[in-house]
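As given, the protein sequences belong to chains A and B, one line each in that order.
Start counting the first sequence at 780; every next residue gets the next number (this note's numbering).
Start counting the second sequence at 780; every next residue gets the next number (this note's numbering).
Relax, there's no trap hidden among the hints.
Which copy is meant is left open, so a pair is good if it fits within one copy or across any two.
Here are the simulated BS3-like cross-link-like pairs (lysine-lysine), alpha carbons at most 25 Å apart as the crow flies:
{"id": "1", "residue 1": "Lys889", "residue 2": "Lys834"}
{"id": "2", "residue 1": "Lys834", "residue 2": "Lys807"}
{"id": "3", "residue 1": "Lys799", "residue 2": "Lys834"}
{"id": "4", "residue 1": "Lys834", "residue 2": "Lys1105"}
{"id": "5", "residue 1": "Lys1115", "residue 2": "Lys1105"}
Note that these hints are calculated values from the structure, not bench results.
Owing to the predicted nature of the structure, the values given are computational and were not obtained by experimental measurement.
Number of protein chains: 2
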Amino acid sequence: MALIVHKYGGTSMGSVERIKNVAQRVAKWHAAGHQMVVVPSAMSGETNRLIGLAKEIQSQPDPRELDMLASTGEQVSVGLLAMALKAVGVPAVSYAGWQVPVRTDNAFTKARIESIDDSRVRADLGAGRVVIITGFQGVDASGNITTLGRGGSDTSAVAVAAALEAEECLIYTDVDGVYTTDPRVVPEARRLARVTFEEMLEMASLGSKVLQIRSVEFAGKYRVKTRVLSSLTPPDIDLATEAASGTLITFEEDEQMEKAVISGIAFNRDEAKITVTNVPDRPGIAYQILGPVAEANIDVDMIIQNASVGGNTDFSFTVHRNEYQKAMAVLNDTVKSRIQAGDIVGDPKIAKVSVVGIGMRSHVGIASLMFRTLSQEGINIQMISTSEIKISVVIEDKYMELAVRALHKAFELDQPAAA
Amino acid sequence: MALIVHKYGGTSMGSVERIKNVAQRVAKWHAAGHQMVVVPSAMSGETNRLIGLAKEIQSQPDPRELDMLASTGEQVSVGLLAMALKAVGVPAVSYAGWQVPVRTDNAFTKARIESIDDSRVRADLGAGRVVIITGFQGVDASGNITTLGRGGSDTSAVAVAAALEAEECLIYTDVDGVYTTDPRVVPEARRLARVTFEEMLEMASLGSKVLQIRSVEFAGKYRVKTRVLSSLTPPDIDLATEAASGTLITFEEDEQMEKAVISGIAFNRDEAKITVTNVPDRPGIAYQILGPVAEANIDVDMIIQNASVGGNTDFSFTVHRNEYQKAMAVLNDTVKSRIQAGDIVGDPKIAKVSVVGIGMRSHVGIASLMFRTLSQEGINIQMISTSEIKISVVIEDKYMELAVRALHKAFELDQPAAA
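Given these sequences and hints, build the entire structure.
Below you can see the structure in the form of structure tokens.
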């Protein structure tokens, strides 16, 4: 018997029939003797419907009132799921975030969880009840409802699991786990049975959308064993089979780790590259270029500055493609003349491809295999950035799929993992 | 400058455009210097949608979870209305019942308000903000969300007005006040400028649907000046005109009261009559007949027992027409043989017509004018019951409209009120 947290997304909660399926799955775990806490999202479409209403009234809805509105979607979900469990004879009780309470800061629409009181939940679990808690939301110190931002239900589930010291947090979703890369690009992509927290964090930050990045950070900080698995299996499949399915995010590198050097290839086309040429190489120049960009609320991802030759250098960075025009305007209008730089050269047609793997810490030659593989395919590398467990390159975007497939093969990710 | 409470029903909150109209109306009162508290209902159709979802999952939804679900409708309304006020430059803040808090007992789906904390609301009003509070709901001592039952938003508004000692509680609705009778039956029906609390209570209990009866009880208990007025006037009409429109429920009989002896004719076709004939006239017989009816959860309205002639009597009462068959079954199956009564005779085709008026306290001859009028129209009276300020009769239902029109004329309700 263990304390288990389940999280179900909006698609899993999307209709009365699907909610009944969720109840059947939870009932199966409860019947096996587990103490069950369930964190559901709003029914699919509901959050968008509410935000749509708000925007008809205020083009920039007041954040506090938007949270008042948006939090109702999950409240409906928990009530319906509690009914569905009772309908199949399982005692259950639902709580909104403020009832637990799940305490957050007061950053409406993007609040951060500060603490979770476990006393009420533990009393219910002790009495044999399934406890259902709204995802996505909490309450600030003044008693205002807050929400955690899009995808926040993942974070709620992991945070609840941390507060209750749950044995495992199971995130049910419409994919059956974390893959070596996107199977739509590389049909040979394999599901990873395990992945480390650090790798998952890199994958999430590199654009792999399986889990919200803050939930991964939370899992890492509180060492919550988190499993991503499919909500599309029949709810009555064998519990042991279900419990071993999907991908487990672990913290023990040597415990049964797959021995692959790298665990996956991440990629995205979301970015654009900007280069400021002929920049005087003097202290403070990076701030003089990026300061005005930050003031315009533009996030910068990769930043590259080469060693200078003859006192001048080129300074490159990437921004989200949606903010490319805005960033170019800032640079041309204010930065260029002020620092007496050369041309501002931009390119929105780039892709970022990354190899991620905790194994590369102890292996040399990962970077050279990556660069050789791209070279053999005739793909030019425009920018490079590295961390301890990932290497990212920027290439022309039309080569992205080719690069991903070639790297997936070169790193033997299509082969069964060695024991 | 006064503290004013506005209540808007589901129709007034039924669309984004209508919510903007409500905001415009509230902004007008706020601009005139009033401290404003607004209690809106859920958008029309929303509560039914939520209850429909619940019933798809549990035919008898769990009451606590149903309240969790149903309370979200008003939460959406308050958030949207706060945004609509901010959109026109009026500072506003919304609260769910639990945030005020509005404390209730724990009778889920039909809770009663026990107390309302006014400190948070007063602080906001003092800071010049319009305060918007969810109707229909509160929180019990254990922190569970409760709802007050259908029409509960009227009660919420009056209770909030009582707690804040508001100058007046304005109930905006789709009729423009309380009438001497239903204008669909009597085109000459007049709107009453004022009506006493006691009269309003009788009218509500007799089926006039302008206000929920519990809200009238609340208004009476705490002496809340309550006005029923139209939400269909243009939101920018002159404030003084609007403030004097509709019908005011008063507590001071002699202060400018209309001098009419009776104030209105109420009627309904919701009831059915049942007579147990040849009942032995002995102590406890009423309990032996009505006890099993009450145990079957059937509400009884009028009860008539005549003085006995020769030791046996007839015992008659009325029930809601929906429960007629059930009541007849209880009487035939269990009561009849036990008390050795004669036949059980029932009639669902009845109507109840009542004259209501605080003036009849000091006037004789009201009953005889009522009975003579019905007699002149050839209408037979089947049952009579009276209170201090109303006389009700049961008649054959096909005569109902005729009776209402004749009584309306006989009591000169079609004439302008005397000063």
